[in-house]
Amino acid sequence: VTTDTWYHIAGVRHGNTLTIYVDGVAKGTKDVTGVSIVDTGNVLRIGGQVANSQYFNGWIDDIRITKSARYTDDFNFPTKALPDSRFAVDREPTILDPYWDDVVALLHFNNASGSTVIDDVIGGFSWSAVSSAQQSDVKVEYGAGSLILDGVADHITAGTAADWKFLTDGSVDYTLEVSVYIDAAGQHTVFDNGGGTSSQVGIFFRIETDGSVNFSITRGVGATWAIAGFVSAAGVIRATTWHKLSVVVDVSVGAKIYVDEVEVAAGVNGSSRSTSNPHSPLWVGAWTSNSTTDFDGYMDELRITKAARYFADFNPPTEAFPDFEYDPNENTNRTQPLDPHFNDIVMLLYGNGRVGTTTFDDAANPGRFTFGAVADAQIGSKSGAFDSTAIVMDGTGDYITVDADPLLDFFDGVFTFEARLNMVLKNNRIYCSGGTTQGWGAGVNDIHFLITAASSGTISAQFSTSTASAVTVTTSASSWSGGEWIHLAVVVDSDELCTIYINGENAASGSISTRSIVAGAVLNTRLGHMPAEGAGSYLFSGAMEQIRITPVVRYRSDFEPPIAPFPVAVGNSVFTFDKYLVAADRHNINTVSLLNFSDGYNKLPVDPKGQEWVATNDAYLDWFSEAVFDGSGDYLQQTEDADFTDEFDGTNSSNWTIELRYRVGSITAEQILLDWRPDNAAKGLVISQPSANKTNLQVDMGDSTASFEATALSIAEVAVGDEVDVAVTRDGDDYLLHVNGVYQAKGTTAVTLDLGTGGVRLGSDRNATPGSSLLGEIIRVRFTKQVSRYAEDENYILDRDEYLTVEADSNFPSVQLLLSGGEVDGSTTFVDAMGNAPSNIVGDPAYSNVLSRFVDTSIRMEADRIDYDSFTLGSVFTIETFFNLDATVGDQYLFSNTAATDQEFVVYNAAAGPELIFWTDGASRITVTPPAAVTWHHVALTYDGTDFKFWLNGVSLGTYNDPGLSFTDTEFAIGGYTGGSLTMTGYLEDFRVTSGVVRYTADFTPPGRLPKSQYMREIPYPYTASLLHFEGADDDQFTLDEVGEVTWDIVGTADISTAEFKWGGSSYLVADGTNYLRTYDVPAFGTEDFTIECWFKSVSNASTGVLFDIRPDSDNNSAVAFVIYFSAAQNYLRFNTGGVDQIVTSTNTRDTNWHHIALTRHQESTRLFIDGAQEGSTYNPDTASYIVGSNGLIWGNDSSNLAAASIEGHLDDCRITVGQARYVTNFAIPTEAYPDNETVYDFKAKNHL
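Each position in the sequence shown, counted from 1, maps to that position plus 4 in the working numbering.
Worth flagging that the hints you see were computed from the coordinates, not collected in a lab. Incorrect hints may have been included.
[To be verified] As a list, the in silico DSS-like pairs of lysine-lysine whose alpha-carbon atoms are at most 27 Å apart:
no., residue 1, residue 2
1, K613, K698
2, K248, K169
3, K698, K750
4, K84, K71
5, K310, K169
6, K248, K310
7, K31, K71
8, K310, K71
9, K71, K143
10, K143, K169
11, K71, K34
12, K789, K613
13, K248, K143
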């Protein structure tokens, strides 16, 4: 090694060899056979040997100590910081088996029937099949096979006695697991290696004749026991039934036996364990002492783990044991930032599109830049391009111009320019900024920045200086080849070091400290050319794509070049948006501050809610999305905002929520997470790891009495390195504390908080000179006013994503009127999404399914009109709708506003002309040729306080100047003009009025269906309250609801059946008697719309059969409950509420065929559908506020008489939807199982997302 140079050093012990590596290359080895390192109590020292006064002089970074040999050969040493966690940030896979490293044997028995080859997934043992033990496909719990044993000497075994010593010597905890199926009652030995006889060393586990289970560990000394044989109650094991057996041994406590995940017996430690080897290797299925109790039946899924997996009842498995700790093929890129610098991008030009086009657009700033294609520059086909097309230029005059824009003056600071290039081996101008001549310099007419590839295979980056020359960084010759794709990156850092990377490798680096660029210059840009150079030999010849310019340092060392197109984020988000994993924040409108710290390294955090935050000392934003505090006075300070403070001190509301996630850096000193006190007084609001309880979280609150009135201390403890979510919720006088989604405690006080005038501080106390500071990282923070997000004694599911800022319609709070399509055909109810009802209806407008733009129905107008009196548009607004006219003859009035003359306007299609007209102030102001009839069009009218603008299909039709208007208390009409009997004939859909917002200022693409919410809503029915697929093994008596909050009890002998199913491989069978499925977890329907649906196949029609019931047991005629049932020996379903059959169907649904059944309520109309067709009458008005009765919600039986009316048939895909009628007219029945990705009912608030 030499001075002033960084080295990566690794010292490795592998077996009996010590090796030292320098920069990944072995530089020395030592044989240490026979040498052991003894713990003599010495401390580990880094940077010094105290005894010899030898100390390190230099810098050390990224120290890692690992209890394994990471390197056994030369390796590529790390080129960036060592990771702080096992998995990349936000890429944690789903851990399938947290004890995977401790598994010593895992047998699935999935080989061909008759095979005696026993495969062990772990591979540590070679298993032998003894006697006639073999694999079989006759009885299988999971997979393709099981192990069959005949009860006469059949067993399997592996290893030596010494290999299984851990079972008896007390050195480790362990768990033995296996699924068993016995053919008949009797004694059946499951595991043994000598423990069946007290004079030997071993374990012994056996099923007894009475159906009990028996386990022991023997010492072999004087007939004493390490754990004396302990036996469960009789009857826990039944013949001809699969059972899962688990024996868990905790060396400090004793042992427990579980049957089907329920504890059935426990034994405590007796005498000390034997240190001798056990009597024999482990036998599975036979007793080593004699064959009188050998196992007769089937075994499946055998697993042995050197860990105590269970010491309480646990959830049953629903599939075979996993073959790995986590699925290596799982897509974990759920919320990983595709590009953490996306919001900083200056230009992102893909270079893809239709071959031959000369239109280019920037994906990061759509519509901002004006590109010009010169000569034959265009999109062309190019092999090897990511999208098979790229920008192509032939070197004979082709190039692209970009009009001057301040965004493109990036080259005076830090930046990364990158592109994929495929060039002819010649002189090629790649990118040039500035210059009306070829001269260099700092003037506005000079060239400022230029990237050139030369015929010698070099690439240069050049910057202007004050001396009319360029400072240049150039790669060596032959650093690129003609006709090959390369990734080029030019990076300039804060030290004014320019580095050129080719295919991710550093090809050249040099100082550009002499660059001199005119400040504030707005310069033209060219791709493939330098101004005033003419058609010279330097014109670009080849193809370019993936041009990305970012004013940040993306690369600081060699990297893997991109192998796919650069990511483009949705909206303003830098994250992928998976509509099934990310739920919109319905309280976003109340969120007043939100920090995700994803704004770029060392930058101030940007709060999308507009609050200002200032970083003090050296608190900074890390490479990852977090703010870093070093414990020495760092903090983030919110600039004091009185309105902000009033939302949390109790002035405006007694409900709010403050949340943050942080990474713990210390538990040895007080840690202040949030301090909102007046000058550090003992009042206000503080969230901390307090000095008295440094491993806990605490919230303190108080007023101006100079002391805290209340405190809440967490039960949960934290440790260094933990990522912890903390939420403090105010609910009236209660202050609730949640840690990692789990309710902890509350403090109660009725005082108004004294938060002072200095603003809230993150990461330090409020002393002028910070004392108690945070050591660690804050990852995200959110302040929500007027809403208690979380409740007392209720937990919530943590969201690992950033706090959501993307909205479906950010202007939705300003929407005054939104009348959408999609209501039932023939409906004449026009209550819009905002709850507005018309003041007057002229004629008979109605929803119609004859024509529609987006959904099933639109509003049909035939000389009809919908009026709204006392309507207020204000001084700024946008009116828009989709329309479809029957014809352009006759006057057709789309909408109007009537009041004083200067507040009157009309949009209509005039018969004379014909013309589409915007009329106001007594005259036609904008007139155009009418759009085609029997065609859908989008029309919009905007007013910004000065000008009216009129738009058709996103194209401006003109502007009319009429400043200073304000429209209040007017008469507004849809489909007509209130100043006379003027209407329209045609269709309207999605009519929207937005006040205070001009939605369109330049030509635009007409929107899709207008959103009925402020929030991202891609899921069609986000109200699923229960979804049962009934997937499982035959005779299983449990089932999982895809809505995780719902648990079902299976009562009686009802169970999973593989004999019949509509989807998947099984269904739910309700036989005769007292069998049914019940839950108390689905909320009452109240007065909301709902859908109850399932697939049903009958096996008998002998008696009354109840399909679905919510009635209380004390009142089967309740008017606030209902039942869906068959009457005795009848084949037709009925809907009954209040003791009266309100709907009776006419299709035989007890004919032993599968039928889809659905009951819906939509706007007080309840309908029953059989196989997609409505049957019986519509029950209207159904205004009942339905409850769930005292016996819960039941599938398959009568809740008022649970012994009498089971449905006697198979059920599959039972789904309950609260808040939405999925079907209001006849529909096509599902052709596949219901999807799981709609199950997002919010049980925390008993409300809908």
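Hint by hint, here is what the structure shows:
1. At roughly 33 Å between alpha-carbon atoms, K613 and K698 are farther apart than 27 Å, so this suggested pair is violated.
2. A threshold of 27 Å between alpha carbons decides the hint, and for K248 with K169 the separation of about 25 Å falls inside it, so the pair holds.
3. Distance check on the hinted pair: K698 and K750 sit about 19 Å apart at the alpha-carbon level, within 27 Å; holds.
4. Taken as a hint, the K84 and K71 pair is honoured in the structure, with Cα atoms around 22 Å apart against an allowance of 27 Å.
5. With a C-alpha separation of about 12 Å, the suggested pair K310 and K169 falls inside the 27 Å cut-off, and the hint holds.
6. With a C-alpha separation of about 19 Å, the suggested pairing of K248 with K310 holds against the 27 Å cut-off.
7. Under the criterion of a C-alpha separation no larger than 27 Å, the hint pairing K31 with K71 is consistent with the structure, at around 21 Å.
8. Restraint check for K310 and K71: the C-alpha separation of about 19 Å stays at or below 27 Å, so the hint holds.
9. As the CA atoms of K71 and K143 are separated by approximately 44 Å, the hinted pair breaks the 27 Å bound.
10. At most 27 Å may separate the alpha-carbon atoms for a hinted pair to count; K143 and K169 exceed this at roughly 33 Å.
11. Simply put, K71 and K34 have alpha-carbon atoms about 19 Å apart, close enough for the 27 Å limit, and the pair holds.
12. Between K789 and K613, the direct Cα distance comes to roughly 12 Å. Compliance with the 27 Å bound is thereby established for this hinted pair.
13. For the hint pairing K248 with K143, the CA-to-CA distance comes to about 14 Å; that is within 27 Å, so the pair holds.
The structure fails hints 1, 9 and 10 (numbered hints given earlier, in ascending order).
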